[in-house]
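Asks: Chains as they are written, first to last, in numbering that gives the first Met the number 0: chain S, 0 to 409; chain Y, 0 to 409; chain R, 0 to 409.
Don't read these hints as lab results, they were simulated from the structure.
Note that the structure is predicted; figures quoted are calculated from it, not measured.
Treat each hint with caution, since some may be false.
Identical copies go unnamed one by one, so any copy, or any two together, can satisfy a pair.
No farther apart than 25 angstroms at their CA atoms in a straight line, the calculated lysine-lysine pairs in the DSS-like style are these [said to hold, decoys possible]: (1) 119 - 58; (2) 349 - 113; (3) 58 - 93; (4) 113 - 58; (5) 93 - 185; (6) 13 - 119; (7) 113 - 93; (8) 58 - 140; (9) 117 - 58; (10) 185 - 113; (11) 185 - 295.
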Amino acid sequence: MTPEDHKLLSETGKGTAMGELLRRFWMPAVLSRELPEADGAPVRVRLLGEDLVAFRDTKGRVGLLDERCPHRTASMFFGRNEECGIRCVYHGWKFDVDGNCVDMPSEPEGSNFKHKVKIKAYPCIERGGAVWAYMGPPELKPEFPDLEWTMVPDSHRYLTRHVQECNWLQAVEGGFDTSHLAFLHKGTESEAQRPPERYQVVTIAAGFAAGSDGAIFRNERRFTTSMFLMPFHKLIPTRPLGAHAWVPIDDENTMLYSVYFNPERALDDEDMRRARNFEHIHPENVPGTDRARANKDNDYLIDRELQASGASFTGIYGVGLQDCGIQESMGRIADRTVEHLGVSDTAIIKLRRYLLDVLAAVNAGSEPPGLEPASARMRVLRQHPGGDLSFAEAVAQHGRVRDAAEAAAE
Amino acid sequence: MTPEDHKLLSETGKGTAMGELLRRFWMPAVLSRELPEADGAPVRVRLLGEDLVAFRDTKGRVGLLDERCPHRTASMFFGRNEECGIRCVYHGWKFDVDGNCVDMPSEPEGSNFKHKVKIKAYPCIERGGAVWAYMGPPELKPEFPDLEWTMVPDSHRYLTRHVQECNWLQAVEGGFDTSHLAFLHKGTESEAQRPPERYQVVTIAAGFAAGSDGAIFRNERRFTTSMFLMPFHKLIPTRPLGAHAWVPIDDENTMLYSVYFNPERALDDEDMRRARNFEHIHPENVPGTDRARANKDNDYLIDRELQASGASFTGIYGVGLQDCGIQESMGRIADRTVEHLGVSDTAIIKLRRYLLDVLAAVNAGSEPPGLEPASARMRVLRQHPGGDLSFAEAVAQHGRVRDAAEAAAE
Amino acid sequence: MTPEDHKLLSETGKGTAMGELLRRFWMPAVLSRELPEADGAPVRVRLLGEDLVAFRDTKGRVGLLDERCPHRTASMFFGRNEECGIRCVYHGWKFDVDGNCVDMPSEPEGSNFKHKVKIKAYPCIERGGAVWAYMGPPELKPEFPDLEWTMVPDSHRYLTRHVQECNWLQAVEGGFDTSHLAFLHKGTESEAQRPPERYQVVTIAAGFAAGSDGAIFRNERRFTTSMFLMPFHKLIPTRPLGAHAWVPIDDENTMLYSVYFNPERALDDEDMRRARNFEHIHPENVPGTDRARANKDNDYLIDRELQASGASFTGIYGVGLQDCGIQESMGRIADRTVEHLGVSDTAIIKLRRYLLDVLAAVNAGSEPPGLEPASARMRVLRQHPGGDLSFAEAVAQHGRVRDAAEAAAE
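For reference, chain S alone in the conformation it holds in the complex (with noise of 0.2 angstroms):
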């Protein structure tokens, strides 16, 4: 890769073409938990490089300010979440969700000032038990995607989260590295979802859909798809269904929503064993922090007599932790100029030769793929929906959320 193409991959800042791009779609901000009631404590976002605050206001909306106050650059942070708006506590200028100025008390009363004053404002939308926000033009804000885990209720989905001390585009890549399952995971559940001979990758609307296409393994059919959706989503063909989105907080830093989610039913005691062990995707946190207690600074508590036994093949506990920590491993901005990509790279080649696509397009003038709500609403294969359909074409018969009177025609 050249380091042209290398740079345009990573940075996610404002004004550069990864990031603008970005910025064209609703992106996890913060979990809903963290602003668990109307006029709680403020918290603190960082995003694509921006330092936000968020609050949830009295009529329990979430405002996603700068986290500078206009008027002198304190901290809002520090703010009185207040009636429907949060006031700086340095000199009491109070802004609602739409980054209006409320109240300027300190200016003499009639003082028309506070109409000339915004603070930076996103808009913001909470789906699956996230806030979301959009950062981009506001004459091009998109509808909410129909990603099919933010639409089950919450009785029906697990999501979590944890940082990446790496760029997002690394961590992705790690997403739809389908050749290390084999190797990184092995001695886990991942392990068995290792690809067949012939891989393949098929562009859909939003984006495309990578897997086998039916080679017969332990005599059944192996048909497994995972789905990347513009512009940081995974679907993952686990039970229960999983899904990822790796949203940078900066070019160094990610933050990765972890899910678990069933589509028909709540979760059950089963399902919530195999998330709370963190034997998968789900890592466990520093409590109070998105940082895994196995982390960088300890070697992701690396055990060696583990990985010599063969039992792990890296000594390190859970699926999570294993990408986590591989990805971390390679340097906060991998440097993708010295490497030696073979044919098992085939979905990573196919992802950053997309996203390259993308913004060689959006470049020329074209609307990026993804906008569409409806071109999100994709569900992963983990069966091959039988007869002679070939990988392509089972994605596009059967890769789609059907809704109910879809369904019933069934």
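Could you slot chains Y and R onto chain S? The hints should help.
Replies: Just chains Y and R, lined up with the frame of chain S:
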């Protein structure tokens, strides 16, 4: 504010305009009690970005030397404080408080080398419980200023210091920001000092006086002043009287010296109770350090329930920490180019204008104001002196400290 | 010293003049006991600014590889140490100690890709309790030097290492700074080795010998030497004999290897008592690390009362920590352009001159000195060999290690 003016006000290193201006004044470098005994342990001092070492010699004089030995640049902090000089432990070179090399045992007997070597040494004076240094051109060294709090007996004064992790001027501005009193400190005694509407600023010889001009509040004639004295002093109209000095450690850290003093009598138990319960300007430090226990890393131990209750506007305990916290929250060097100043920011604007004017005048060849010792002999007014005096007249006629003879004559 | 020469001496990265010179020599990379068993856990190594991973393979050979896997740059530190090779846990690529890719299971059977990929690998030799690496051009690899301490049985040697948080040459200079012995180490046995006035430096094939020329001290003929051997070795005239090697970790950190050894017999209880009470050159490390317990962050646990008492000139316990502390106190890379050198700095000046001359000669096409194994076969003299020999004659005739045949013939 233009980026140029912002830079001009913020930078205090050697060779900068503000740095050279500050170096024309005596500045507190260390507390006297940190050098409790002759020939005791040396202490590190960082002042205006220069790394220094202070020590008290056999005769009780304090030396303030370059941290680096001129021989091979070893740190004099590890030096032996010996008979009237400090000796570098690497090769035994010894320097007195004036920077002379008084012994150089590593060189052959009869060598003249020691007479050719000096270490950078700044003159020091002890006043008011602090060691003050003069870092400017020797030929321009002024007399020590008649700051009232430095002239009262030790029993009449309570002096502490702590670090603010931000630029010095940002902290000074907080001290003269009158409009924050009604907000940041709501729920404290300082709130009662909130400025009435007709707020005035009057230039005095060494700086300016700022305050109300006598509006009626709760049936009382309101009248308070605070004073700015060059280059970073504030006189505070509390009971007992208060004072601050914000001394640049470097451009991103400031040492705030805070004083209570009573010109007429020793501080009594009630005064000390106020000082030591940390509700007011003196925060509690981590023992053995100059850092407050409630600091940036723990969000100043903000109590969100207390804040929500309205009993404290910030939920941060103590006027000193409220100021420190909000000033630090603006960043290491707050960006003055993105502010939105209103009419309530009169004092801030005045302070900046005043300093920029002084810099311009000095650049044009004038002497800075405030070098004349008597010009610092000021006292804030806590009540209107009576009669029909305007604010300016009251400050001019009653804002000076009278000596015994003058007082008797009145 | 000019800024150019200062830079020339300090920088050791790949492509710098000094960096390339150092890479011509075998350098200690890790202690043998840190890789105690075949197929055990790998160890991180940082050498001359390069991040590497060391592992002991099934046959007991030590490999020293690039930390980054050439495939996708994951860290080989997390690798599995398997049958004669280390396997990256991301995709299973496996490399042997010579850097060959011996397995690439992620690629299709029959793929030739693994024969096209190599990982950077440096040749290693184990000698004297350490693993030594050669990082220079393969065609210029020298024979291993005949350093005496690497040639004695393990029972005759005590070897430790610890980090100095400063540039390598600053630390080496401390080792050859003769004039500090009478000061820094006052109150220790090293003090008794203080140089008489007539101090001499004599060039030898691999470096130089420095010491006294036989002045009379306390009725004894004083005669001691220490030796500098290319590129960073010191031989120390203690009892038992001592040695140091200052190996650049990077330009701001140095790994100091410290040795006691007795060529004739195993170290006895008294020798070990001296080594382990940390009074001498071996400091006590934080368990599991290479950092001394008394370090920069705790001011080397300086005891100011002890220092004031005169029992220890520094108040810092142990010769090794006194050296480490004062060298680190000069800053990460001490500024050699502001020094004031005297006649007592002869050895420092000689060392710098020597290295600058070597760099110039190598630049002009010469081979560096000290590559010939026998040139390192030196031993310091602890007493005058007798007769009228000058210092230079004594070093020339008696400064070599004699082998058994030679010794018998004498």
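Asks: Give me the numbers of the hints this structure contradicts, sorted from smallest to largest.
Replies: As far as the earlier hints go, not one is violated by this structure.
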